[in-house]
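A.B. asks: Listed here are the chains, written in short residue letters.
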Amino acid sequence: VKRYLALRLLNVIPVVLIITFLVFLFTYLIPGDPANVILGPHAGPEQLAAVRLRMGLDNPFPERYAIWLSEVAQGNLGTSYLNNQTVDSLVASALPVTLELSFLSLVVAMLIAVPAGIISAIRKGSVVDRLVTGTGFLGISIPAFMLAIILSYIFALNLRWLPATGFVRLGDDAIGNLRSLILPAVTLGTVLSTQFMRYLRAGVLDVMHEDYVTTARAKGVRERTVVLRHIVRNALIPFITVLGLQLGYLLSGAVIIEQVFALPGMGRLALSSLASRDYEVVTGVVLIMAVIFVLINLAVDLLYSVLDPRIRLSGGAR
Amino acid sequence: VDHDPFHVEITRRDLLRAGTLLGGAAVAGAVVVACGGNATPAPTTAPATPAPTTAGSVAPATSAPTIAAGGKSGGTLRVAQGADITQLDPFLANITTENGIFSNIYETLGYFDDASLLVKPQLAKSWEWAADNKSVTFALQTGVKFHDGTPMTANDVKYAFTRMQDKTLGSAYTALISDIVSIDVVDDATVRFNTKGFSNKLIAALPNVAIIPNNSGSTITKTPNGTGPFKWVEWVVNDHVKIAKNPDYWQTGLPYLDFVVFQPITDEPTRTAALQSGQADLLYNIALTDVPQFKTDPKYQVLLAAPVDQPYDAYINTKRAPFNKIEAREALCYAIDRKGFVDNFLGGLGDVAYSPLAKTHWAFDPKLVGKYDYDLTKAADLLTQAGYPGGKGFNVTMVIPTGFPEHKELSTLVQAAIQTLGGTASIQEDDVNTWVDKLTKHEFDLGFDTDVKHASDPALTFGLTYLWHPDPKDNLSQFTDDMAPGYSALVDQASSEQDQTKRVALYAQIQEQFMDLAVGPMVAFRAIPHAMTTAVQGFVPAIQFHQSYASVWLNS
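Protein chains in written order, with the numbering used here: chain A, 2 to 319; chain B, 801 to 1356.
Hints are not guaranteed to be accurate.
Claimed, not checked - To give a feel for the contact side, a few chain A residues facing chain B, derived at Cβ under 7 Å:
1) ALA51
2) ASN85
3) VAL261
4) ARG269
5) SER277
6) ARG278
To be verified - Quick look at which bits of chain B chain A covers, simulated, 3 or more residues with Cβ under 8 Å:
7) 1025–1037
8) 1125–1137
9) 1238–1250
Claimed, not checked - Over the 12 Å line for every Cβ pair with chain B, so calculated as not near, a few chain A residues:
10) LEU11
11) MET56
12) PRO61
13) LEU78
14) VAL115
15) ARG170
16) LEU237
17) VAL282
18) ILE297
19) ASN298
20) ALA300
21) LEU304
Just so you know, these hints were derived from the structure itself, not from any lab. Glycine included, C-beta positions come from ideal geometry on N, C-alpha and C.
Construct all of the structure, not just a fragment, from the sequences and the given hints.
C.D. replies: Structure follows, in structure tokens:
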């Protein structure tokens, strides 16, 4: 397993290299640069050239990428072209927001999806099932930002239970922090839960009629045990795959939700720095997100073997 | 246009770091729209400004602005706005949000007075031109300290202006002070600018040069340090900027607020919700069409800056067909339904523009009223003269930035008119950076924008609003000297003219020539609305977004 882990971790390097290269290339290819941002549309060519020179933007693309790589290899993610803050500090400030939002959304999604998915499968065709699949369909159709506006209209504007915007840091005020994240997490979690629910329901339905379930029932095992130990546990394996894939969605969904609720997270940092062509920040953010994404996938793979000991990790015991 | 494409409103008004607006100086520039119930909205008229009597468009004030009394001290004002700042150098500030924050940290020798549209003394007590007009001498305020405790002296002033002269800095304002030849420090409280001659432009440019401590160019971009009523606290990117009361502020009694927190909320409905659900006290720069929503609710008030310095105007590619022909450009001017735009898309809170100067400006040429009023028959005739009979071959590519609804509405309006004339018009919508790129590479026929026109002096309006003056040759409309023989000489003459009556006559001539050429059609001036709770007192909207919070207080 250790060797497997080491191999997988080594795989991160080429993935990250390719991704950052592409990001660098794209930011290079799209029109505009930080000098444009600073000077606006009325600047003359000489002025633009002067600012580009000052910022090191006049270097050709491969050279800039090489410089960046060597800096990263030394653990230095660079400095924003515009605001003089280091990418490290920008990420350190934004990453916890996104991680917290993702985690809470996942909790919300599971709280909704697990019971709803299981019950609707076991009571297939019942009113509960129809209700669950119906709302699930609705949930898939509704875009996250729309749900965000609806929820914020009800709970922030009309009932005034929760703030519509304004992030409170966990260290400053734990309750305020939770309050500021409830609406975003519920929005993202609800959208996510509809996917989970469908997969879980399908998984449970698949497993329900397996021989070992019938056998268990025949042995006289209590229904609760049958459901939890025999059905749900086995239904979870395909579900974990979906979960792994959906975590990627969670991170990208966070981009929109952070924008709508004005949360200072990674998605918003990526968007605002892309808008101002702040290349170093864009690439730094993408680098960190790529690493996280790869690590999540690794974690999901490891989870398989915990849930189903039959699945062996290649490179492990043979 | 702001350079943040995720901002839904209009924000980039390129410019100016004006000084803070203090005390009883200027309420006339803004008009309170009555809130609550069915009160009829007050008209947003600009102040009728009499022509100044002294040359140089500078009020002969010699004392510091007076201070309004009666505000309550304390509290935190939470301002929600459409975009975050992008950087911390006041010399490079060119978006609304930066100007609105830096104006409270930094001060300038003279500030732009919104009521009179004149530059009035701030860190300079007074200034005087030498008899030979080869220099202007400034007497500085004494006892003024920077936030770090060091006293502000003539050396700091010299450093600030010298830094602004550095072309490699890339500041849009460097060109504004090009009339300065050299700077002498006479003593701690006196500084002299040696000039090429008398310059209206130079005095008008004072609000654009923040006075920063000597040799602080590399440190202020990390920790801003000025003489203003508020001190820098922190900037958490995409979250907030916080500034705190400067207890040692030289204008005693000000400011009232302990803190001002600026929150960038890019999503427009969320920004509105922030005010309505109590997470913000003030929404800076809302859409004009949102005004009625807040005006009818007694919990809020809407304050507007008068429509005198923010016209919607156009960049025209005068170097390629169809707009290389003057008749085609004139046809375009007649095809813009400017009144319709004001009434339908600016909620009536604007004013049709007949010149880059508003009708209320002392230099406005009244002969221009009614010129280019919407007339598709005239437009069709002119198109025929231009060689596009029935609009055939009159194909126009328009460029607009995403996230600016009013630009799109205006473009769509013009697109419909062009199609009615028999031509074709396509609208290319790009993110702001791509849009800027297309403009600077001249890959467009027509592009609408909104810009500060430097109402502080027409010497700036015509000399330095880069899109028109033929001198920076790469202006976006590619307006060059050969298109208007004598035009730039006239502009230069007016810039150094001391006699006010002669200036008025010169600017009338310049405006007529400029409008006749139709190189930059003027559409409409826009009032700038801000919505806030009724607890916010003493807020006076700044015409050029150099918003001061020094005299703002909370009545809670």
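A.B. asks: Hint by hint, say whether it matches the structure.
C.D. replies: Results for each hint:
1. ALA51: holds (4 Å)
2. ASN85: With a minimum Cβ separation of about 5 Å from chain B (threshold 7 Å), the hint on ASN85 of chain A holds.
3. VAL261: At 5 Å from the nearest chain B Cβ, VAL261 of chain A passes the 7 Å test, so the hint holds.
4. ARG269: OK, holds: ARG269 of chain A within 7 Å of chain B, min 5 Å.
5. SER277: Constraint on SER277 of chain A satisfied, holds at 5 Å.
6. ARG278: holds (6 Å)
7. 1025–1037: holds (count 3)
8. 1125–1137: violated (count 0)
9. 1238–1250: n = 4 at 8 Å, threshold three: holds.
10. LEU11: holds (33 Å)
11. MET56: violated (9 Å)
12. PRO61: holds (19 Å)
13. LEU78: Non-interface label stands for LEU78 of chain A: nearest chain B Cβ at 14 Å, farther than 12 Å.
14. VAL115: holds (31 Å)
15. ARG170: violated (9 Å)
16. LEU237: Correct as stated: the minimum Cβ-Cβ distance to chain B is 37 Å, above 12 Å.
17. VAL282: violated (9 Å)
18. ILE297: holds (24 Å)
19. ASN298: Per Cβ check, ASN298 of chain A is outside 12 Å of chain B; nearest 28 Å; holds.
20. ALA300: The claim stands: ALA300 of chain A keeps its Cβ more than 12 Å from every Cβ of chain B (closest is about 28 Å).
21. LEU304: Per Cβ check, LEU304 of chain A is outside 12 Å of chain B; nearest 33 Å; holds.
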